[in-house]
Amino acid sequence: MSQTSRLSVISAATETRYHSSKRVSIVDRNLNKTKTAEIGLNAFAFLFSEMLQYAQKRVLGIQDLERKLNDFGYRVGTRLLELIVWREKNSKRETRVLGILSFINTTVWKTLFGKPADSLEKSTENEDEYMISDNDPLISKFISVPKELSQLNCCAFLAGIVEAILDGAQFPSRVTAHSVPIEGFPLRTTILIKLDREVLQREEQLKS
Amino acid sequence: MIFSLYIINKAGGLIYQKDFSEGLAKLTDNEYLVLAATFHSVHAITSKISPIRNATSSGLEVLDADTFKLYCYQTLTGTKFLILSDPSHPNIDLVLRRTYDIYGDFVMKNPFYTPEMPIRSELFDINLAKLIKQVTG
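Quick mapping for you: the protein sequence lines, in order, are chains A and B. When the letters of the first sequence are read in order and numbered with the numbering used here, they come out as residues 4 to 211. When the letters of the second sequence are read in order and numbered with the numbering used here, they come out as residues 1159 to 1295.
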């Protein structure tokens, strides 16, 4: 342990490449190294399938299962926000609602799935609701929910990621995932974001 | 013209059966199970009766009859995919491989599926129907 840390101190000081036989520990690696890395969809699908089965054994209902998936996503989202903001070295911190939502819509989706989300909409009924839609969410692409659990939406994982990003950027909200099949896209999912009242109040103040 | 698809698990139990054309004899569920179990046993026997010594035989692969042809693909895990088609249909081997791909995608990656149990997956049905339509259309 001490040997590895000594190596990283030396290389940071002299800025030479590692060429020793000691492997660099993951916490010392350059954060930009995996910026454009891709993983296999199949590998992720199997991992996510196992996560779901693991969660299913430890919950007592559909709401509980969705909350557990949301928690899984929350843990990913907090770290993802820090990483993405660090990688985008020249961006300013988002303070406006529209700013953070378009950040999620484009940058976060591009980092996760390689393409921006399909649409960002503001609800006409409620002031505090926004919707991000994805026509073909990759995480639940291979999952067929049985009839008994038809209310379950596996994109609760994605909702958890979005919720963590909003919380981390100081926009506390409740985020849920809903399935809204349309013509040609039977797997279309909408992430519904319900912002807290304090966010709206702050937005009002900033507008004036 | 593809008549039907059967998927048999390691133990010889039928886990999926689907007819793709009209006019086929309608059997009861029990009869389908018996059919699958019989085929499983026959397959096991045929893999042992190869006259060549020290050769690992793969068992029954094609069954040619007057009115139909039966193709069997056994995966490395022991799952068997059977397709019954009319004798003139070419490239059923490819159809079997594609069916195996769809099975791998929408059955194996489904967290709500228990291995070796009957398949009840909507996405599997939809994609299979798409494949069959593509092959026969």
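FYI, nobody ran anything at the bench for these hints, they're computed from the structure. Keep in mind that this is a model prediction, so the values were computed, not measured. Take these hints with a grain of salt, some might be off.
To be verified - Dumping the calculated DSS-like pairs for lysine-lysine here, alpha-carbon to alpha-carbon at most 30 Å:
| # | chain 1 | residue 1 | chain 2 | residue 2 |
| --- | --- | --- | --- | --- |
| 1 | A | K118 | A | K197 |
| 2 | A | K150 | B | K1168 |
| 3 | A | K113 | A | K92 |
| 4 | B | K1291 | A | K144 |
| 5 | A | K118 | A | K60 |
| 6 | B | K1238 | B | K1184 |
| 7 | A | K197 | A | K71 |
| 8 | A | K144 | B | K1227 |
| 9 | A | K150 | B | K1227 |
| 10 | B | K1168 | A | K60 |
| 11 | A | K118 | A | K92 |
| 12 | A | K144 | A | K36 |
| 13 | B | K1184 | A | K144 |
| 14 | A | K144 | B | K1238 |
| 15 | B | K1288 | A | K118 |
| 16 | B | K1206 | A | K144 |
| 17 | A | K150 | A | K197 |
| 18 | B | K1176 | A | K150 |
| 19 | B | K1227 | B | K1291 |
| 20 | A | K95 | A | K118 |
| 21 | A | K25 | A | K38 |
| 22 | B | K1168 | B | K1206 |
| 23 | B | K1291 | A | K150 |
| 24 | B | K1206 | A | K150 |
| 25 | A | K125 | A | K71 |
| 26 | A | K95 | A | K25 |
| 27 | A | K113 | A | K197 |
| 28 | B | K1288 | A | K150 |
What the hints assert, rightly or not - Label-pair ranges, simulated between beta-carbon atoms:
| # | chain 1 | residue 1 | chain 2 | residue 2 | range |
| --- | --- | --- | --- | --- | --- |
| 29 | B | S1208 | A | D67 | 50 to 58 Å |
| 30 | B | K1176 | A | K36 | 44 to 52 Å |
| 31 | A | Q56 | B | P1248 | 34 to 42 Å |
| 32 | B | N1249 | A | T109 | 41 to 49 Å |
| 33 | A | E151 | B | E1189 | 52 to 60 Å |
| 34 | A | I29 | B | K1288 | 38 to 46 Å |
Where is the CB? At the ideal position from N, CA and C, for every residue including glycine.
Status of the hints after comparison with the structure:
In summary, the hint linking K118 of chain A to K197 of chain A is supported, as the alpha carbons are separated by about 24 Å, within the 30 Å threshold. Of the pairs offered as hints, the one joining K150 of chain A and K1168 of chain B holds, with about 27 Å between alpha carbons and a cut-off of 30 Å not exceeded. Using a Cα cut-off of 30 Å, the hinted pair K113 of chain A and K92 of chain A holds, with the two alpha carbons roughly 16 Å apart. For the suggested pair K1291 of chain B and K144 of chain A, the alpha carbons sit about 21 Å apart, so the restraint of at most 30 Å is met.
Distance restraint check for K118 of chain A and K60 of chain A: the Cα-Cα separation of roughly 34 Å exceeds the 30 Å cut-off, and the hinted pair is therefore not satisfied. Simply put, K1238 of chain B and K1184 of chain B have alpha-carbon atoms about 22 Å apart, close enough for the 30 Å limit, and the pair holds. About 19 Å separates the Cα atoms of K197 of chain A and K71 of chain A, which keeps this hinted pair within 30 Å; it holds. Pair hint K144 of chain A plus K1227 of chain B does not hold up; C-alpha atoms about 34 Å apart against a cutoff of 30 Å.
For the suggested pair K150 of chain A and K1227 of chain B, the alpha carbons sit about 36 Å apart, so the restraint of at most 30 Å is broken. Straight-line distance between C-alpha atoms of K1168 of chain B and K60 of chain A comes to about 26 Å, which keeps the hinted pair within the 30 Å bound. A distance of roughly 20 Å separates the Cα atoms of K118 of chain A and K92 of chain A; the hinted pair therefore holds under the 30 Å criterion. A C-alpha spacing of about 28 Å is found between K144 of chain A and K36 of chain A, which places the hinted pair at or below 30 Å, so the restraint holds.
Restraint check: the Cα-Cα separation between K1184 of chain B and K144 of chain A comes to about 34 Å, which exceeds 30 Å; the hinted pair is violated. Note on K144 of chain A and K1238 of chain B: the hinted pairing holds, with a Cα-Cα distance of about 25 Å set against a maximum of 30 Å. In summary, the hint linking K1288 of chain B to K118 of chain A is supported, as the alpha carbons are separated by about 26 Å, within the 30 Å threshold. The suggested pairing of K1206 of chain B with K144 of chain A is violated, with an alpha-carbon distance near 41 Å, which exceeds 30 Å.
A hinted pair counts as satisfied when its Cα atoms are at most 30 Å apart, and K150 of chain A with K197 of chain A qualifies at roughly 28 Å. For the hint pairing K1176 of chain B with K150 of chain A, the CA-to-CA distance comes to about 20 Å; that is within 30 Å, so the pair holds. With a CA separation close to 19 Å, the supplied pair K1227 of chain B and K1291 of chain B stays within the 30 Å bound. At roughly 22 Å between alpha-carbon atoms, K95 of chain A and K118 of chain A fall within 30 Å of each other, so this suggested pair holds.
For the proposed pair K25 of chain A and K38 of chain A, the alpha carbon gap of about 23 Å is at most 30 Å, so the pair holds. Among the hinted pairs, K1168 of chain B with K1206 of chain B is consistent with the structure: their alpha-carbon atoms are about 17 Å apart, no more than 30 Å. Under the criterion of a C-alpha separation no larger than 30 Å, the hint pairing K1291 of chain B with K150 of chain A is consistent with the structure, at around 26 Å. The suggested pairing of K1206 of chain B with K150 of chain A is violated, with an alpha-carbon distance near 43 Å, which exceeds 30 Å.
Between K125 of chain A and K71 of chain A the alpha-carbon distance is near 27 Å, which keeps this suggested pair within the 30 Å criterion. Restraint check for K95 of chain A and K25 of chain A: not satisfied, since their Cα atoms lie roughly 38 Å apart, outside the 30 Å limit. Taken as a hint, the K113 of chain A and K197 of chain A pair is honoured in the structure, with Cα atoms around 23 Å apart against an allowance of 30 Å. For the proposed pair K1288 of chain B and K150 of chain A, the alpha carbon gap of about 22 Å is at most 30 Å, so the pair holds.
One distance hint, 50 to 58 Å for the beta-carbon pair S1208 of chain B and D67 of chain A, holds here, with the actual separation near 55 Å. As the Cβ distance of K1176 of chain B to K36 of chain A is approximately 48 Å, the hint placing it in 44 to 52 Å holds. Evaluation of the 34 to 42 Å hint for Q56 of chain A and P1248 of chain B yields a pass: the beta carbon distance comes to about 41 Å. The hinted range of 41 to 49 Å is satisfied by N1249 of chain B and T109 of chain A, whose Cβ atoms lie roughly 44 Å apart.
A beta carbon spacing of about 28 Å between E151 of chain A and E1189 of chain B contradicts the range 52 to 60 Å that was offered as a hint. Between I29 of chain A and K1288 of chain B the beta carbon distance is about 42 Å. The supplied range of 38 to 46 Å therefore holds.
Consistency note: the structure conflicts with the earlier hints numbered 5, 8, 9, 13, 16, 24, 26 and 33.
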